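Heads up: the protein sequence lines correspond to chains S, C, L and V, in order. For the first sequence, the numbering used here begins at 1 and goes up steadily by one. For the second sequence, the numbering used here begins at 488 and goes up steadily by one. For the third sequence, the numbering used here begins at 1063 and goes up steadily by one. For the fourth sequence, the numbering used here begins at 1383 and goes up steadily by one.
Read the hints as simulated data drawn from the structure, not as lab findings. This one's a predicted model, so the numbers in the text were calculated from it and none came from an experiment. Warning: the hint list may mix true and false statements.
[To be verified] Pairs of lysine to aspartate or glutamate residues, derived as DMTMM-like cross-links and limited to a Cα-Cα distance of at most 20 angstroms, are as follows:
{"hint": "1", "chain 1": "V", "residue 1": "K1514", "chain 2": "V", "residue 2": "D1498"}
{"hint": "2", "chain 1": "L", "residue 1": "K1142", "chain 2": "V", "residue 2": "E1525"}
{"hint": "3", "chain 1": "L", "residue 1": "K1277", "chain 2": "L", "residue 2": "D1358"}
{"hint": "4", "chain 1": "S", "residue 1": "K400", "chain 2": "L", "residue 2": "E1284"}
{"hint": "5", "chain 1": "S", "residue 1": "K176", "chain 2": "L", "residue 2": "E1290"}
{"hint": "6", "chain 1": "S", "residue 1": "K91", "chain 2": "S", "residue 2": "D226"}
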Amino acid sequence: MARTITIDPITRLEGHGKIEIFLDDAGGVEDCYFQIPELRGFERFVVGRPIEELPRIVTRICGVCPASHHMAGAKAVDGCFGGQIAPLAVKLRDMYYQAHYIHSHIAHFYALAAPDFICGPDADPSVRNILGVVAKVGLEIGGEVIRARSKAQRIQQILGGKTTHLVWCIPGGVSKGLKREELDEIRPLCDQLFEFTQFSLGLFKKVILENPEYVEMILKGPYTLDVQNMGLVDENNAPNFYDGTVRVVDFEGRELYRYRPAEYMDFVAEHVEPWTYLKFPYLKKRGWKGFVEGIDSSLYCATPLSRLNVADRMATPAAQEAFQEMFSTLGGKPCKALMAQHWARLVEMVQNAETLQKYCADPGITGDEFRVIPDRITGEGIGIVEAMRGTLTHHYTCDKKGICTSANLIVGTTNNNAPIHMVTKKAARSLIRPGVEPTSGILNRIEMAFRAFDPCFSCATHSLPGQMPLEVRIHKGGEVRWIFKRP
Amino acid sequence: MGECRIGVYICNCGTNIAKVVDCDAVARAAQALSGVVVARSYKYTCSTPGQETIVKDIRELGLDRVVVAACSPRMHEPTFRRALQTAGINPYFLEMANIREQCSWVHSDPRAATEKAVDLMRAAVRRVVWHEPLEKRYVDMCHTTLVLGGGIAGLTAALELAEADKPVVLVEKQDHLGGNVARVDLTAPYLDSARDMLRDRVEQVRKHPMIQVLLESELEALEGYVGNFKAHIRTKEGPFDTPAGAVVVCTGYQEFDASRIEHYGYGRLPNVITSFELEQMLRQGRVLTREGKPPRCVALIHCVGSRSPEYHPYCSRVCCMTALKYGHEIKSNLPRCYVYDLYIDMHAFGKGCEDFYRRTSEMKTMFLMYEKGDLPRIEPAGDGDGCGMLIRIHEKLSGEEIEVPADLVVLMVGMEPREDAARVARLVNISQDKDGWFIESHPKLDPVATTTEGIFIAGACQAPKGIPGSVAQAQAASARILAKLAHEKIEVDAVFAEVNDDLCSGCRICNELCPYTAIEYDTARKRSHVISAMCKACGCCVAACPSGAIKGRHFTDRQITAQIEGVLEWASSQG
Amino acid sequence: MAGKKLQIALYWGSACGGCDVAVLDTDEFILEVAALADIRLWPIAADGKYADVEAMADGELDLTLFNGAVRNSENEHIAKLLRRKSKLLVAFGSCAHMGGIPGLANQVTREEIFERAYLNNPSIEAGNVTIPSPRTRVNGRELVIPQLYRRVYKLDDVVPVDYYVPGCPPAPDQVKTVIQAIAAGALPQKGSVVGASERAVCDDCARIKKEKKVKRFFRPWEIRQDPELCLLEQGILCAGSVTRSGCGVRCPNSGMPCRGCYGPGPNVRDQGAKLLSAVASIVDSRDPEEIDRILDGIPDFMNYAYRFGLPASLLQRRFR
Amino acid sequence: MGFEPRIVGFLCNWCSYTGADLAGTSRVPYAPSIRVIRVMCSARVDPTFVLRCLSEGADGVLVCGCHPGDCHYSEGNYKALRRMALLKRLVRDFGIEEERVRLEWVSASEGKRFADVVDDMTRKIRELGPSKVRAALAADRAER
């Protein structure tokens, strides 16, 4: 008898989501949909606001990666002021951003992902969480993890005055500089964080790589996709999180595109489906081809793994080591095993920690020239940063008085919407067998598919629609598949 | 607050209200409101039986709030407050709805008027629920009085107070006492000597043990409030501070500058002089032209700077009689001299003045009337004319163009506020009217007090007036002050603003706003607070306070909000 | 806490997750929470599902911390569900408290937002006419997503709320004190704001306050500010005076003006109206033209007046 | 009969309220649309009151004070002037016609002027039609 399994809400991610699995009469998976039930209104309601206020408003798109939106917004706003900015401010923003990465990666790896590995995918749901993890690894390690994250937060606090929803970036720079005594407090924290990244890599090897079942699950299993990769790189093609050019590489390692932020509209476009509020970005030059894998698919991932896939090397020595070890273990680069995201995250963290140490050693970092006062308004800016959850694009325009006239956002997780939808279906297909009643463990393994992306649907749902009294036609391959009207 | 027992009284005011507003319907509507125990429609609520009904209801029905829908509260609020007091409840538990001046007298459609009356009544009922009992409060009173100005008004005020054994500090800008009166020879209408009149007054003041006279001195700043002022005075010996319970402002007037009227050629034509210059001649006993010859004919021109749109619109009040006085004095000095009196209207009100006018005209002063705005023209005379100047005038009564010969032309210059009047007003915190004269708190019923408690005005600084008026005002002001000094403490109004110290964050938004500098900021505690005795309850700071920490007694946010909800209940029920 | 552990839920409506991060930011304290409470629902960090909540007895939860605004039918449905299941419902953070930043959407219509998101947008697929819809039939299957409301509501617009914890996000220390207070049962009178000061931010702001008279307003980027002096006195619009303290003066201390996320003080009904009154009061001019010129220095006043609380304002939304 | 606007008036005690009384004593008729609330000074009018009136369904709000220079409290009317200037902008931001909020100077001797102000405002608001506020908020609620 045909029925539906609903996983609602999907959990251990940022934001709202729901999975609908349609079973056929035999009880096999006929179809599966990954749906996003909510959206908010940022692109529209920032219009009319003073442009310099946007970085303070868009942080509320996501409370887990507010700095990503703050920085992308700040860069877009700098653009609206003709790109005038104090060089020191660029360093300080980048420094802050490294600490922000570490906080977010720790939160995801230990609080959101680790329960599946450390407690086990089939563990009792009520203990399958950070507290369960602490119970498993013991208070000492648990405390260590918690303190490490709070150190990353502390560094942001000192630099920008506020962690979640910082208010620090203003046109031309930042609102406060870094005092010498503040730097003295930060320095040891950075060293300790570096130590912690090494500890985390060790833990990953111990808990996951030494567990054949997990290695099997990572390398084979349903958790692989043949789609392309996107990420931000510096001039040496090493990952750069705050700045750089966008590089797109196919899953066989060939560079497809390389573009500067200002060109994003030529390379990315968004497709809309009626059954989810979240849009589906794709490679514009290839056009929308539907939810299909393959070497000429127009779909791509923008994730920690994709970032390492598009990179030729890491920017810092210890990170470079970890990078090489990871790909050799996983059988070469690029890697399609989505579960390797978790490892990639730890590798990125190493570069973050090393970059922090680099800035601590920079004598100029405590200077006073952290701001220039803009002398002109040019009216348009595009800012791209690499959010933890994918390439993040903010595009603003404003009038002569500096009042926002339009905004467009392509958010980290949104890039991965199609891959998440596809891998979830893939996982459901392979894990739910006809006649076998799916356990909560099975369903959790399906959730693990999207969890690998560390998706943030708070971010993705930045735009907020409502009912439109219009007739909607869904076209597929030129012919109208179905028509419906709103009641 | 829902537990109030409210009585509502709808006054018919005879037919003044009832002829348009259906008072019984309003009473019925009131009866239906929560908390209303009794609602009566009554013929004359302000009448003795009317008030007795209220008192009776309060006592027998245990009312604790009263709403009277009647005339304007400006009319009878005190009356009904007394009634509440008589019945033994706090007078501030009253609220009035103005359904006469602002309803029945301005609307003719009974339906609309009644609907409005119901809204206003409902608002009053909603509001009165939130009324709080308020008590009058008292502060100590300093017995010294500061008198500003040593003219006739200032001298009088000082003496009145000193005679009652109250200390006085008298501040005079010039190096002598007497003010403008000291510049005058005889006074109208009885022609007795201003000098003699002043001399013994000044002597008394100089000698009086209770009066401290500061010559060539000026008020620099005044802090504090009624009963507790502190005055900073600049004297030629240096700064001098004194406490004061009250202040009498008697800063007087200055004469209009005749040269401002090109037309009369004052300053250009040597023998065109001002009334004050003539006074000087009269006091010296010889009236002469610049050439040193006694004039054969003198022309007096009235309303110089007064009663004219381009200079001063008001009448300076004393010039007419002064002109008549000159008629007399010139004649007694130079019996053969002709006097021409060119006037617009002869203002001869006041005791003995009309009689004085008659006597003067009998002395062959020739009165010529000219039209406002059609000023007489003064021209140098030709050789054959046998006089210094010729004055052309359209004589209004005869309707003829007349030429008047004159060796001396006297311009009857009016009075105007002293140029430093604005400074004084700011220092003692009182207002000026559009002409610059100080404003009294009520033009008829309270002519010497001001809107600032403890500051009084007397003499010509309030408006043009003669000696008797100035003296009367000075005595009135002194009487007011003595009445206050009769009690050790003085009453300050129960309605004022107060800061809730638990909510104040010391943001200092309110500090600059208070017109009475009644808000003090405590730097150590970082809190602001209101000196209630200085507060006049305008409520500006209450509206401004970003924390809602300032409460305007009897006009609280809660009370006004309840009123808003009350008037709009009908509208909001329409959804 | 004698014997039985607290049963608690943390939930988000239309939110960003910052409030949940604020809970994580209590660091080790989270372990104490684990000691005294069972977390029965916390989508960001634990695996409870709606079905598990439906299965609970009414009042089974001792406490629900609800963050996020009410934007769609699902938010309202879950809010009502959790209200039924919880002894105490706390509006946690600016969005649940006042509507928060998402509440700014009350300045525009659903249709405008919709049009911008899916039809008229520089990166949208060429020729797209598709718009998501609450019910869609795909291959004979019906797919359902929640119905979005015309406007944003604060939590107590849809269910009775017992306490309010303000802030965007609430300061971690404040989160601690609140949870401890609840655990100890030491709570103030219902309906009150907990874990924040009764006074305004100015009370805790170290900047020197002298004379408030403003001849020109500056936008933060237009002026090199004096780090010691009150921002408002420098002409930089700051909502500190109309905003509850408790945040630790995070914004003014980092050189930026307060935007009011903690909401108004206990005696203020409409935060924006009070900001207006205070700001207009210190404009230093009597001449209507000059006053207008000075006010032109504050474009889009509404966005400062109600940055975090448009749905909580007297007028709640834009009308047309 | 047609739409009769509901206008709330805040009148200062010393000039405008006395002026309104004078309109009464001198029997100058005007539209019955206005409901007067007496305050000591126009500076007491907290913008919250005006927004409250609009949210309670008032079609217009009139604030009257003494003429500039004549304020009983010397400068209160200027403070009202500044607040109303900014308030009009905010009301516009709310999508409400700014003509619905009005500041006028009426002295104690200007009974006729008070009547004219009320009639003129009533006429203008009749043209604008009823305030949309209450209807719109009700429609929002109905959707849930």
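We went through each hint and held it up to the structure:
1. K1514(V) - D1498(V): This hinted pair is violated, its Cα atoms lying about 26 angstroms apart.
2. K1142(L) - E1525(V): Judged against 20 angstroms, a Cα distance of about 16 angstroms means the pair holds.
3. K1277(L) - D1358(L): holds (11 angstroms)
4. K400(S) - E1284(L): This hinted pair holds, its Cα atoms lying about 14 angstroms apart.
5. K176(S) - E1290(L): OK: K176(S) and E1290(L) at ~13 angstroms, within 20 angstroms.
6. K91(S) - D226(S): violated (37 angstroms)
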